[in-house]
Amino acid sequence: MSPVLSDRIEVHDLHFYYGHTCALKAVSLNVPERQVTAFIGPSGCGKSTLLRCFNRMNDEIPGARVSSGSIHIGGVNIQQPSVDVAKLRREVGMVFQKSNPFPRSIFDNVAFGLQLHRISNRSMLNQAVEEALISAALWDEVKDRLHESALALSGGQQQRLCIARSLAVKPSIILMDEPCSALDPIAAAKVEDLIRTLRQQITFIIVTHNMQQAARVSDLTAFFHLGELIEFSPTLKLFSNPAHKLTEAYLRGTFG
Amino acid sequence: MSQHLFRDYDNAIHHLQEDLLTMATLTRQNLEQAMQALLRGDTDLANTVIAADSDVDELERKVDQIGMEILVRFHPVATDLRLIIASMKISTSLERISDHAVGIAKRVRKINQGQPMQEVQWLEPLYAQAYALLRDAMDSYTNHDKLLGQALHEKDRELDRLHKQLTRTLSSQLEVANGRSAAWLHLIFIARSLERIGDLSVNIGEEAVFLESAINIRHEYRKPLPENQLPST
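Taken in sequence, the protein lines are chains A and B. In terms of this note's numbering, the first sequence opens at residue 16 and continues consecutively. In terms of this note's numbering, the second sequence opens at residue 15 and continues consecutively.
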């Protein structure tokens, strides 16, 4: 795999199984670079499964597999066995529903990924940690207590710390799985504002059940149902004039 | 107005207001130039107004589009919700005012094809009153001045009085027109446009009151504003 990826994601006719259960059926879509794309749909529709395909997080689940189709990131087929998964995950970072800081200091949390990638020069580390915390809009709140435990931070701060940890290794894509569902509205607004600010440099894909959040933060929205991609359009178009009856029923809450 | 945590929201509101104010400036300019074209017999100026109307139309579309985008994306509430609703309605009124200015300009072109008419000056007081109404209406919106917004009804009554008076005068001239009946009819219709511009300005003032106090004064303008019911914000 080439060390420098562009961040366009091309999914072609993807089928995915958990054991004998088909979770994604013939999904094809192109996620454009440096925009925010939201994946929405009812539970079990396959949106998180697809998200986790993009940095091969599903590899960790026994019996989970792509049965056919392909995912290319920057022109490289990431399903190939020759792909270095650690490098892929450096390019394609991930933020989860529940913030998961390590039980270490704020500084160590952000520096962790860099040290993993064998950056040990202290001044370089200091600079990278500061830059990541500034980008994650957390620096002003933690700069005087970098060596205190990350677990002492509030939920919203912990989530931004996890974003800073992802940013530190300079990914080109960040995947977010319900990143604000455990946050209060003010903390969520800060994370959303952060996404909109960083999207000039980074491609974001966000899985959310919060329709208003999808409408606020994303440029494009994909609606999934029972493992199929039903509609993929500019967000304003999808929310104001959806092309598919199923999308309209889901958005209006008249589903099923 | 205080800022939102989510800056995209502020940016969208800022663009909406900016486009609406540009629209108001162009609309006032179109009315001014249409009436100057009439009073000075300047056909070129009338043509300028007709050409400029498409800019106002374009801005109306933009305000609608940004307004809808804000409704879809940010689900505005409270002052924000009233601001979006009021701004979209004001933009519709402004577009209609600009259409009246174009209507005036088209009639000016026709009047100017005939003999010069000194009597066009009779429309000046009506124009001055309509122009003042439009100016005050937009001031009430930009300065969040609900009292100025509500006061427009009184000013409009004066405009209506002037309009009735002038229409009577113009109609009597029409009866003895001696081949100039078309020109007198044009003046009657121009007077009617100025009267309508007054009504539309009153509508803008009503939106400014709604924006500031969440009170809908449409069709109830004779009642005083219930000060004690106003929200503290």
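It is worth saying that the hints were derived from the structure and are not from the lab. One thing to keep in mind: the hints can contain errors.
[To be verified] Result set (EDC-like, lysine to aspartate or glutamate): computed pairs, CA atoms no more than 20 Å apart in a straight line:
| no. | chain 1 | residue 1 | chain 2 | residue 2 |
| --- | --- | --- | --- | --- |
| 1 | A | K252 | A | E263 |
| 2 | A | K205 | B | D159 |
| 3 | A | K252 | B | E83 |
| 4 | B | K103 | B | D159 |
Exercise. Can you give the numbers of the hints that this structure goes against, from lowest to highest?
Worked result: 2
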